[in-house]
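*Asks:* This is what each chain is made of:
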Amino acid sequence: MSKSRPRTLFQDLDIDAPHVTEARRILQILSRGRKDGERRVYLVTSACGGEGKSTICSMLALVAARIFHRKTLIIDGDMHRPTLHRLLGLTQHPGLFEALRAPESEIIAPRATPLPMLFALPSGVTRGPIAGAYEDGAFRTLLEKYRSAFDLIFIDAAPAVPAVEPILMAEHVDAVLIVAMAGRTPASLARRLNQILTPVASKIAGVILNNAAEELPYYHDYRYYGYKPPTVQQQKTPPPANRSAASPAGRR
Amino acid sequence: MEITEQPSHQIDLRAIFWKAVHYRWVLAFPILAVGCAGFLYVKMTPSRYDSHVIISLGDRLKVSEALEPLVKTSQGSDLPKERMTLLENRINSRPFLNEVAVRLGMTNDPAVMQEATAAAARLGDITPKEYALRAAVMSLAGRIRLTPLQGSLVRLTATGSSPRAAMNVASTIADLLLEENQRASEQRAQARIEFSSEQSAVYEERLHKSEAALEAFQKSMIGRGISSNEVTADNVDRAKSLIRDSDEEIEQIRARLQSGRAEAATRGDDADASPLSSPALSSLDVRLTQLEINYALGALREDQHPGGVISIKSQIGQVRQLLFQECQSLSLAMPGGISDEARNAAAGAALDRAILHSLREKRDRVQRMVAAYTRSLVESPSQQIDLQRLQAEVTSNRELLLALRKEESSSNISEALENSQLGLQISVAEPAQLPLSAAFPDRKKIMGTALLLGGLLSVGLVLGIERFGATLRSIEDAEREYKAPVIGAIPRVEGWPRPGSFLLNNWPVMAMTLVVVATTVVYFTQVVPHSKHAPSPATSGQQR
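So the protein sequences, as listed, match chains A and B.
In terms of the numbering used here, the first sequence opens at residue 1 and continues consecutively.
In terms of the numbering used here, the second sequence opens at residue 1 and continues consecutively.
Derived from the structure by calculation, the hints contain no laboratory data.
We put the CB at the ideal spot given by N, CA and C, even for glycine.
A few of these clues could be false.
Under the rule of at most 16 Å between Cα atoms (straight-line distance), these lysine to aspartate or glutamate pairs were calculated in the EDC-like manner [what the hints assert, rightly or not]: (1) B:K313 <-> B:E302; (2) B:K129 <-> B:D109; (3) B:K240 <-> B:D340; (4) B:K19 <-> A:D151; (5) B:K19 <-> A:D221; (6) B:K240 <-> B:D109.
Example chain B residues on the side facing chain A (calculated, C-beta under 8 Å, incomplete) [stated by the list, open to error]: (7) W18; (8) D477; (9) K483; (10) I490.
Construct the complete structure from the given sequences, taking the supplied hints into account.
*Replies:* Written as structure tokens, this is what we have:
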């Protein structure tokens, strides 16, 4: 049977792990598809809940900060079911909701994480209508403030089919990443999401398939290539100090 | 250059293996469920035992070759299929099954009688015993099967709820079959005795007639042989020569007699008026005639007895001499007044007459024999055919009568007739034995079928999920639905649980656990209590 979930993503961050390798590959692809200085803000959404977008979004941010040494901010944009703070081992408050409601002069700074290059803004504790928090250009203003301070920003948005916030946020981001879980995401919901995202269709950078259910063919499974999970000793090896190995992802 | 990609139809065994591993619990669930159902079916279904008796439906008894045409009937009744049908009809007849049921004591079962009493009270027009008997017969009819084997062998299978019950039914049927067969044969054999006796009498009379006809024919042949059988193809020419010689000699004697008469007339004598006669002369005349005939017969048989003819010839000469002397003495004794010349002429004429008579007799006898021989040449083929026919008829009738008497004494003819009409000679080639294992349910067969069915259901279920599942299962699905490229496929983080609810991830295992638990509960509540009270197959001997 399955093991209990680790407390945070940091504890399983092995740079040789298959999911990290795949995240590196995705970041590499994203960095090639844009000009310097563009599309630094990525909105990660999906058709419905439970497809792993928070995990994948966090993973991309962690890999960008840990391996590519980019100053990265991750924002929990799903105020309906916030999970990012648990994945990163942070408290939920203060967060995005407070930042959107705060006066223009007041800046709620993202919080530091165990990784020096990674900062996070949890969802915050909602006290009122969630969709209303995105009115009056508050989100755009907030994003402009962070854009200048970080190389890469990943926004973990709510599912786009049941919630309206992702389409509101998508107006202000550089690219939209869609997460779908192989074997679980209904095709009808995928079509519905495609319809919803039609206004920002040009911003869709691609689809990331979550193969956690191991539905994809055997050649998507790392065990097919003889990969073995790292031992505990290997996981305790300190990260390399050489920053020059960073990829062009997020480079301005 | 535009390259059109063709969909690949190659079978990727690794992909199939991957899918099998991925759906291992989905595959296992139907197999386990159907397997448990099969297990419960095997355990809960009452066992049935089969006991077999090998019956030989032999040919009718062999009879003598002479009787074969009598007992031979249509060849069709000898076919194994028809024999099998006859046996099946006999076994399934109500009187037969009634007898089997009575012998097995099926109507004495208290439970059966109780049920019969209740049914009789409900129906009204039937007694409990009749109802029980009819129920027993109905039950028996469904428990007996006949299967043709090689040649004239038939396997009779009786089914029972216990090994002993099955064997009892089988052996009772076999015993009853043998008894009925024996009894029927004896009864019909007795009834056929009269028929065979009448047949014997008819053939005896026929034999007597044919023997009498043959005897008469042979006698006629013998009679013809005595009068004429001295002349054969070898001596017919000699016989004709004898006739010619006799004729010439007769002519000479006649001529001499005529000249003697003429001389007597010239002299004025009347010699013919008083021919010489005496008993001695007559005796010598007869003797001469016999000698002449003997001479002729001897001449015909000359090849066999050459010395005999010469002897007869000398005897003839002696008799003629004696005749001459007698005639001389009789002429001398003639009254006076007759000249010596006339007396000598009378003696010579008497002698010539005697010789003439003997020659005529000889010639006539030889002529008759030649004529008989000539006639036999013409009539011989038809006589031979008649003779052979009569002899064959006598032989056939004699053999038939002997065979009839022999077969009648041993009653085989009756059995042969019996068997030729019924076409069955039943014997038990292999008696009933106690079955060692249940014929039904066949555990291996049922469990094998269950596992096969479960496997097919498993494959069908997986194919159904793959074919009709409305989720994104591949990169191609995702790109088609989202109209965007897939830029990555994140594998499951090692050590993290599979996504989704516990029920979603574990329903096959939970369902299998539920099936196993349910099977166990049913087994211990429904099967175990009954098996404790049920008699063991080896000791359930009295169960009917």
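*Asks:* Which numbered hints are broken by the structure, listed smallest first?
*Replies:* 3, 4, 6
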